[in-house]
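Chains as they are written, first to last, in numbering that gives the first Met the number 0: chain A, 0 to 172; chain B, 0 to 172.
Don't read these hints as lab results, they were simulated from the structure. Because the structure is a prediction, the values reported are computed rather than measured. Heads up, some of the hints might be wrong.
Some but not every residue of chain A turned toward chain B, in silico, with C-beta under 10 angstroms [said to hold, decoys possible]:
#1 G12
#2 I14
#3 I15
#4 L24
#5 E33
#6 R59
#7 Q64
#8 Y106
#9 V140
#10 E141
#11 I142
#12 I156
#13 K172
Below 25 angstroms or equal to it, Euclidean Cα-Cα: the simulated DSS-like pairs (lysine-lysine) are [unchecked claim]:
#14 A/K125 - A/K153
#15 A/K73 - A/K125
#16 B/K2 - B/K125
#17 A/K73 - A/K153
#18 A/K47 - A/K153
#19 A/K56 - B/K2
#20 B/K128 - B/K73
#21 B/K73 - A/K7
#22 B/K56 - A/K2
#23 B/K2 - A/K73
#24 B/K172 - A/K172
#25 B/K47 - B/K153
#26 A/K2 - B/K153
#27 A/K172 - B/K153
#28 A/K153 - B/K73
#29 A/K73 - B/K153
#30 B/K7 - A/K7
#31 A/K73 - A/K47
#32 B/K7 - A/K73
#33 B/K172 - A/K153
#34 B/K172 - B/K56
#35 B/K128 - B/K56
#36 B/K2 - B/K56
#37 B/K47 - B/K73
#38 B/K125 - B/K73
Think of the CB as a built atom: it goes at the ideal place given N, C-alpha and C, for glycine as much as any other residue.
There are 2 protein chains.
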Amino acid sequence: MEKTLESKRVYEGRIINLRLDSVVLENGNTAMREVVEHPGAVGIVALKENGDIVMVKQYRKAVEQVLLELPAGKLEQGEDPADCAARELTEETGYTAGDLRYLVSFYTSPGFSNEVMHMFLATDLKEGKNDPDDDEMVETVEISRDRAIDMILKGEIKDGKTIAGILLLGILK
Amino acid sequence: MEKTLESKRVYEGRIINLRLDSVVLENGNTAMREVVEHPGAVGIVALKENGDIVMVKQYRKAVEQVLLELPAGKLEQGEDPADCAARELTEETGYTAGDLRYLVSFYTSPGFSNEVMHMFLATDLKEGKNDPDDDEMVETVEISRDRAIDMILKGEIKDGKTIAGILLLGILK
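Input sequences plus hints: build the corresponding full structure.
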């Protein structure tokens, strides 16, 4: 536990806020914690009947490059994660999921952010037209699971949630 | 690609900075991107001869709970990731690695941060005394890979890099 002495929000933004907390540690020392507040997000492992995984290519300003990722998106206020997963899958790829199964949730970077990622498995996919947000330019790519694993090992898939989501497929019961 | 029109750093902190970039998208629209700058980090899958994985329990202020994670830590300025991995493993767990193998690197949350996580496999471990930073209170826990996978599926391991790192073990060649 770390007891909060003082908490100050130094930035409120469109997607994230930044908070500075001064805390007392268990050993009595004090420390400052920088916390990036995030609304939470979902990621979707969308698996086709032929075994391909539906992924998206997207330019990511924060890392100044195009990344190959699982479809994903931020939760809207009060939105149920499963609803968000269904929505984001269709917006980004055009597919709708006949079956959507919750897998696990994890923190993407708990050292400095409360962002939680809820991961879903989408199957029984029906093709349709995508409808990305105005500030999103996404391209759909479908690759086999073996190819995806090869791309993870070669460093060609560089997104944490995407690595976790694809590898989760290998341990599902 | 997104062309940057203007870039403004609104916060400079101990671990992170926050930058606001206004950009032009490929479709000609403009957008604002919030970017959390981070020095990068390493994570270590430390595997004992008996198959146990060496993990750490640590209170994480950002998510207000104790998480079970792989040993990990931030890169110091100019530090080589392998040196950082060796250092953090010993500081947090007391173990030194006879063999340290680079696995992959990934972005923990590329939608808003440039944080990159370099993942290593540490084997041939020698026990010793840990030496955590002043503001770190960590407890070492050793668990079998089967138990770790079970804990991932049950939602008891909730840290993204830890899920990715443990599951990477299953695809290594």
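List of violated hint numbers, smallest to largest
The structure breaks hints 9, 10, 11, 14, 16, 17, 26, 34, 36; every other hint is satisfied.
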